[in-house]
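Undergrad: Single-letter residue listing:
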Amino acid sequence: MRGRALLILAAAAATLFGCSPGQKKTEIALQRFFGECGAVYGQTVDLAKAEGECGIVTALINKFNAENPDIHVEVNIVAWPGYTQLASQMAAKDPPDLVTMHQGVISDYSSRGLLEPMEPILRHAGIDPAGFTAASRLGVTKGGTIYGLPWDTIGGLFHVNTKLFAQAGLMKGGKPVFPNSPEELLAQARQFKAATGKPYFVQSQLNDAATHVRNLYTYLIAQDATIFPDPKHIQLQTAEARRVLALFKQLNAEGLSTVNQDNPAAIATFLNGGGGVFPTGTWMIGGFDQEAQTPGRPLYQSYAVFPYPRLWGHAASFVDGHSWVMPKRKRTPEQRAAIVRLLAFMAAHNFDWSRTGHIPASQAVVDSAEFKALPHRGDIAPLAQIGRPLPGYVRRQGAIEGLLGEDLGAAVTGQKPIDQALADAERRVDELLEQTD
Amino acid sequence: MSAATARGRWAGFAFVGPFLFFYVTLLIYPLFRGILISFQRADLFGGGRWVGIGNYSRLVADPIFHQALMNTFKLTLMIVPALTLIALALALALNSSSRTAGLFRGLFFAPSVLSVTIVTLIWRFILTPDAGLVALGARAVGAEPIPFLSDPNLTIPALAITTIWWSLGLPMMLFLAGLQQIPGDIYEAAALDGAGRWTTLRRVTLPSLRRTVILVIMLQTAAQLQLFGQAQLLTAGGPSGSSRPVVLLIYEIAFGRWELGYAASAAEVLFVLILAVTFVQYWTAGRAEER
Amino acid sequence: MRARVSPLAWIAVALGAAIVVAPLLWTVLLSLKANSELMRDSGTAFSAPYTLENYHSILNGNMVFRWLLNSVIVSTGTTLGVLALCSLAGYGFARLEFPFRRTLFVFVLLGLAIPEQAVILPQHRLFADLGLHNSYPGLILPGLAGPFGVFFMTQYFRGIPRDLDEAAMLDGASRLTTFWKVLLPLTMPAQATLGVFTFLASWNSYWWPLISATRGNMFTLTVGLASAQMNYAQTSGLGFLMAQAVFASIPIFIVYILFQKHIVRAMSGAAVR
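Residue numbers (this note's numbering), protein chains in the order written: chain S, 1 to 437; chain A, 438 to 728; chain H, 729 to 1001.
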């Protein structure tokens, strides 16, 4: 019995490890987030047929594999953002060849010498960093060295249900009316709720640090508040920060925002016309716009999207971006050549990627007619000018976001007094930064 | 073993050696290396600098660690007694050879063969306030959905319910096995004495199950003090850490914050705690036995 | 014992069973619905139309097959390894006389008190140094170090009358032959018990594969489904996710139903010890 089991095992192992001779493909391992959608897009190579981040990136890699029969890109999909996994891979000295990385995260890895400087590779791929948008170039440059191929600029936007806005009397000349101060925001939100019976905001507040952090950073930058005075400290116990949290806390307390929703729940609520404004990222534009074009759906012909309105100080937006980075590891010259080809391919298809809703990393694409012809892009274009990343010296941005999200979430939902939440958050972040050397 | 030659004397090592090799390299060595790392400021990517009890004094002052410890205790206290009582009640009710009893035993054990991933996936879409089964039920009767996964007072109960549902099978089977061990003549004697069903249960059945009860409590306590997957997948420890047990914190510190030394020190504290709790339980049980 | 159970108790049991089964049924219902419908309202799961589209998507090339195979290889490998190591060691400790035998046995018993969390971080570093992550040995080896099986098999060997092996030895059989031909066949019930335990534990283990298998093609089912779960917002939808869960549960449920008797006996065996 056992002998037979072993035989079966051996046969299984042979099919797993065995590669038919004569088939000499260069394998490169690519690791990305953006989700898994092989069931829908597994065979798609026509980029026009792909929608959304997952669909487009899947189709892009399918297309690359199809056009480069001598290369096989092995894709590993990690749960967003995938950095715990990447950290354990690096600790195991077995990182992938190419990884999606938020530009804000690069400095963690580059400062420890875990990433390859990319200038020579970009040069081989025929990519000129001078062609990147200013935000993108800033995003991937750490201490004067470029560590990634920037792919886009991402940021928070106000996604609006214009049908409900009209019902609340908040449309003017076909455009939504946005507040210009916290008082106006509260007044409009109350007016909205009175007219529609629905909350003004649909927010993903549950286990979603990004929501809380985006709100805070954006309005701190708007007030010209210094968030990170130096690489070792965050500064949160300020009047500026209290102001921002007090506003979002009051919105929650008055029922002007959904509270108990995680990201999927908030998406579903917005799609079902459950509220006026969904503050979430550029990545949702494609999906929402598709709904807006489908007759019968609650969002049909009632969707618009704009940057966060000015409430204090000046118009501003906290932005980040996606990039492709190369962890340091042993590679054959063939693998390097394959990576160069893949990067060139990715850069050449920057427009296709911008159909996700993100602002492209290539200035030429931003200026192109085909980009401007995409829906809503005129309205969100200002993001490219008002967008600001965190200072390049700030390390552990991902972990900081996680820590901040907990305390900020507790503050705006009333589980913790604002002052205590800010003090706790500040202490925890400082403690974390203290550990970086 | 009179015929044991010098060679024979050592032959035993050939049998126990292979296991001892794995045991020492993969369990004992890591145990001690972990203790060493806990005294270092060590990075996930290698290296380390001796900091003495630095990590431990940080733990003592770290409110997040305190919160995680409290969460772990709460979870254990919520899960272990309930699990033991429900499993015992089920075992008493299902201890018969009838087909129906067998079917029910199979049903109650079934969730135990599922992996934690599937269990949390299922329960997420039972408890989630917007699309979950509980919320649908609440809405159907006009009630507000209960925010099981977002109210800091409800996340730990949510984890407890999920865990009880998942792990009912093993203690129930242990109790059933314990019941099978009770000799039938004790019951006959009890019946002859005219003891009622309730008296028999209290005087005969439960005392005979003492050892099994202790075994179940000890096994479950040690297991629940190490609860990890449910919290990571169902609530991610949130909101604001209200459902984050120690092991999840260890994982986050090591792989999210890369502070291997600090994570190791938290792991050692938990290790000592588990040892202490197990020892106290064993000792209390032993003393009770003597009386 | 012939338990007389009151009707009230039966009602309670039936109610309990309903509570235990409802989540499973809900999962199956969700898996049979179109994702677009569920996105708008999961309550539609209670009414037609139902569809097999999600299962169809799985069959259309999905990592789940690979993960399933990995789980089978890892769990089978671990089980065979544990049975081999523990049978040898159990026989050694129970039957052979050698220097430090008692000390070593106590040394092994102490290991019962070491929880996974106390060793997993250094294990991760050790396996990194050895370059064993993202490999089958990397997933199997940590499962071989647990002392429970040795303890269990030693107790079982001790329960076998010594006359048997002494008779064999008198016939001129070597220790190995005695072990292999005479005693091992007698331990089959214990092997089955230990095997079932080990297989289930390995099949469901989560933390080690989570940090050791970080490449999609080396994921076990547990880890693979976890990544799909955390990804679901941006991906294929609730129905598909549930279909994956159902699909992934089927093999272990089949094993469970086939081996139900063994599992029950395994549990009894654990209690008797």
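Hints were generated in silico from the structure; no laboratory data involved. One or more of the hints may lead you astray.
[Claimed, not checked] Stretches of chain H that chain A covers, calculated by requiring three or more beta carbons in the stretch to come under 8 Å of a beta carbon on chain A:
(1) 752 to 764
(2) 881 to 892
(3) 938 to 952
[What the hints assert, rightly or not] Derived CB-CB ranges, DEER-like:
(4) A:Gly483 - S:Gly143: 21 to 31 Å
(5) A:Ser645 - H:Glu894: 50 to 60 Å
(6) A:Trp447 - S:His72: 50 to 60 Å
(7) H:Leu898 - A:Tyr493: 58 to 68 Å
(8) H:Glu894 - A:Leu514: 48 to 58 Å
(9) A:Phe469 - H:Met916: 45 to 55 Å
(10) A:Gly723 - H:Trp738: 51 to 61 Å
(11) A:Glu625 - H:Trp738: 33 to 43 Å
Even for Gly, the Cβ is constructed at its ideal location relative to N, Cα and C.
Undergrad: Does each hint fit the structure? Answer for all of them.
TA: Quick rundown of the hints versus the structure:
1. 752 to 764: n = 4 at 8 Å, threshold three: holds.
2. 881 to 892: violated (count 0)
3. 938 to 952: It holds, with 4 qualifying residues against the three required.
4. A:Gly483 - S:Gly143: 21 to 31 Å: With Cβ atoms ~22 Å apart, the hint holds.
5. A:Ser645 - H:Glu894: 50 to 60 Å: Given a distance of about 37 Å, which is not inside 50 to 60 Å, the answer is violated.
6. A:Trp447 - S:His72: 50 to 60 Å: Given a distance of about 53 Å, which is inside 50 to 60 Å, the answer is holds.
7. H:Leu898 - A:Tyr493: 58 to 68 Å: holds (60 Å)
8. H:Glu894 - A:Leu514: 48 to 58 Å: holds (52 Å)
9. A:Phe469 - H:Met916: 45 to 55 Å: violated (37 Å)
10. A:Gly723 - H:Trp738: 51 to 61 Å: violated (38 Å)
11. A:Glu625 - H:Trp738: 33 to 43 Å: violated (25 Å)
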